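*Asks:* Here is what each chain is made of, one letter per residue.
Number of protein chains: 4
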Amino acid sequence: MNVIADFSVVPIGVGVSLSRYVAACQEVLEESGLSHRLHAYGTNIEGPWEEVFAVIRRCHERVHAMGAPRISTTIKVGTRIDRDQTLNDKVASVTSKLGGGG
Amino acid sequence: MNVIADFSVVPIGVGVSLSRYVAACQEVLEESGLSHRLHAYGTNIEGPWEEVFAVIRRCHERVHAMGAPRISTTIKVGTRIDRDQTLNDKVASVTSKLGGGG
Amino acid sequence: MNVIADFSVVPIGVGVSLSRYVAACQEVLEESGLSHRLHAYGTNIEGPWEEVFAVIRRCHERVHAMGAPRISTTIKVGTRIDRDQTLNDKVASVTSKLGGGG
Amino acid sequence: MNVIADFSVVPIGVGVSLSRYVAACQEVLEESGLSHRLHAYGTNIEGPWEEVFAVIRRCHERVHAMGAPRISTTIKVGTRIDRDQTLNDKVASVTSKLGGGG
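Chains as they are written, first to last, in the working numbering: chain A, 51 to 152; chain B, 51 to 152; chain C, 51 to 152; chain D, 51 to 152.
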């Protein structure tokens with residue numbers, strides 16, 4: 051089962067600056083080979099269910115290994131059986147419907 | 051790695067009444083043997099990372115099998131390496147701080 | 051417009067123990083008079099849109115005032131125009147479908 | 051209080067294709083004048099707390115007016131009192147910490 055997901059990892063107990071943990075997580079994503087895209091409040095990712103959640107788990111492991119005692123992550127995950135859809139399709143599908151002046 | 055998680059499954063394309071899909075998902079949770087608790091906007095669940103996400107996946111499979119072409123699920127997942135914590139601990143930890151001086 | 055919502059506040063930069071911040075937020079909820087219910091990964095709340103989000107804002111203000119430099123909150127919010135529904139209705143609607151064959 | 055937020059609106063009871071509702075919501079965002087950016091599983095937005103949540107409310111109103119009887123929205127909202135931060139800052143802060151090509 052293929053998924054399109056979005057997740058944002060919040061390390062807890064490591065102070066106020068989180069960007070190096072998010073960057074470490076981006077490196078885990080790079081290593082995974084899965085298609086992904088960073089935005090200002092999370093990362094889009096797509097792939098088989100098992101792989102996507104295994105990658106998010108590796109993010110947790112990496113961030114804990116960097117010293118974060120606790121992590122709270124929010125994930126959105128979409129599946130569909132009517133047709134295939136990619137990250138690009140989803141954005142294109144919306145922008146094609148924006149009207150003249152949208 | 052043990053997790054405390056919360057998730058809510060939204061079947062798309064099956065009309066406005068979602069409760070029978072949520073109920074089917076509760077039965078998947080029952081079958082799993084994992085500790086879980088329904089609330090008004092999702093379900094708390096705890097257990098090993100792999101098992102928790104395998105159960106959520108089975109919810110998607112069950113709900114798709116019931117006819118939902120598309121599903122969007124929101125998940126929060128917490129991990130910690132400083133100590134163990136259960137669903138009950140989390141609630142108790144907050145309620146102990148309410149009231150006189152909370 | 052009435053909403054049923056669920057939210058969980060994660061204070062950042064205040065160490066690993068978050069329960070006293072969550073408890074402070076519960077007190078803001080009590081002061082609001084809105085119907086609400088704590089669970090292990092957030093709080094259910096219902097009421098008019100403006101009031102619910104004003105309460106969540108006051109939680110942020112209270113938690114910042116307690117010293118948290120940064121907060122990340124996840125909110126789910128549901129609205130419907132087909133009929134009224136309360137927190138209790140939502141749970142009852144699911145549990146009525148559990149059991150004999152679900 | 052300024053916020054950086056991310057939200058995704060899921061209309062329920064209108065069939066499987068949601069993009070025209072998401073597009074309508076993008077138009078509400080355009081009208082608001084707030085800085086925002088669509089991604090594959092939601093939209094980043096920044097601005098004063100009241101304005102951001104008023105815009106999300108207008109999205110609900112617009113989508114209900116288009117015929118959706120029910121909507122479930124997931125929102126992440128971040129506030130900080132230690133310094134100002136924009137959508138661009140958040141992405142730049144992470145990418146600056148990625149290693150040689152990471």
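Hints are supplied without guarantee of correctness; some may be wrong.
Simulated restraints, written as ranges between beta carbons of each label pair [stated by the list, open to error]: (1) B:Glu100 / C:Gly117: 35 to 45 Å; (2) D:Asp134 / C:Gly117: 18 to 28 Å; (3) C:Arg133 / B:Thr136: 33 to 43 Å; (4) C:Glu80 / A:Met51: 39 to 49 Å; (5) D:Glu111 / A:Ala115: 38 to 48 Å.
Far from chain D by the CB rule (all over 12 Å, computed), these chain C residues [said to hold, decoys possible]: (6) Arg70; (7) Glu77; (8) Ser82; (9) Arg87; (10) Leu88; (11) Ser122; (12) Gly128; (13) Gln135; (14) Ala142; (15) Leu148.
Simulated from the structure, these hints should not be mistaken for laboratory data.
Just so we're clear, the structure is a prediction, and the values are computed from it rather than from any experiment.
Each residue gets a CB set at the ideal place from its N, CA and C atoms; glycine is no exception.
*Asks:* Evaluate each hint against the coordinates.
*Replies:* Results of checking the hints against the structure:
1. Under the hint 35 to 45 Å, the C-beta atoms of Glu100 of chain B and Gly117 of chain C, about 37 Å apart, fit the expected range.
2. With their beta carbons about 19 Å apart, Asp134 of chain D and Gly117 of chain C fall inside the hinted range of 18 to 28 Å.
3. In this structure, Arg133 of chain C and Thr136 of chain B meet the distance hint of 33 to 43 Å, their C-beta atoms being roughly 36 Å apart.
4. Separated by about 43 Å at the C-beta atoms, Glu80 of chain C and Met51 of chain A satisfy the suggested range of 39 to 49 Å.
5. Separation of Glu111 of chain D from Ala115 of chain A is about 46 Å and conforms to the stated range, judged on CB atoms against 38 to 48 Å.
6. For Arg70 of chain C, the requirement that its beta carbon stay farther than 12 Å from each beta carbon of chain D is met, with the minimum near 18 Å.
7. At the 12 Å boundary, the C-beta of Glu77 of chain C stays outside the reach of chain D, the nearest C-beta of that chain being 19 Å off.
8. For Ser82 of chain C, the shortest C-beta to C-beta distance to chain D comes to about 16 Å, beyond the 12 Å cut-off, and the non-interface label holds.
9. No beta-carbon of chain D is positioned within 12 Å of the beta-carbon of Arg87 of chain C; the least distance is around 18 Å.
10. The Cβ of Leu88 of chain C lies farther than 12 Å from every Cβ of chain D, with a closest approach of about 19 Å, so its non-interface assignment holds.
11. Its closest Cβ contact with chain D, about 5 Å, brings Ser122 of chain C to no more than 12 Å, contrary to its assignment away from the interface.
12. With a closest Cβ-Cβ approach of about 5 Å to chain D, Gly128 of chain C is found to fall inside the 12 Å limit, against its non-interface label.
13. Residue placement check: Gln135 of chain C does not keep its beta carbon more than 12 Å from all beta carbons of chain D (closest about 9 Å).
14. The non-interface label for Ala142 of chain C is consistent with chain D: the shortest C-beta to C-beta separation is roughly 17 Å, beyond 12 Å.
15. No Cβ of chain D comes within 12 Å of the Cβ of Leu148 of chain C; the nearest lies about 21 Å off, and the non-interface call holds.
When held up to the earlier numbered hints, the structure conflicts with 11, 12 and 13 and fits the remainder.
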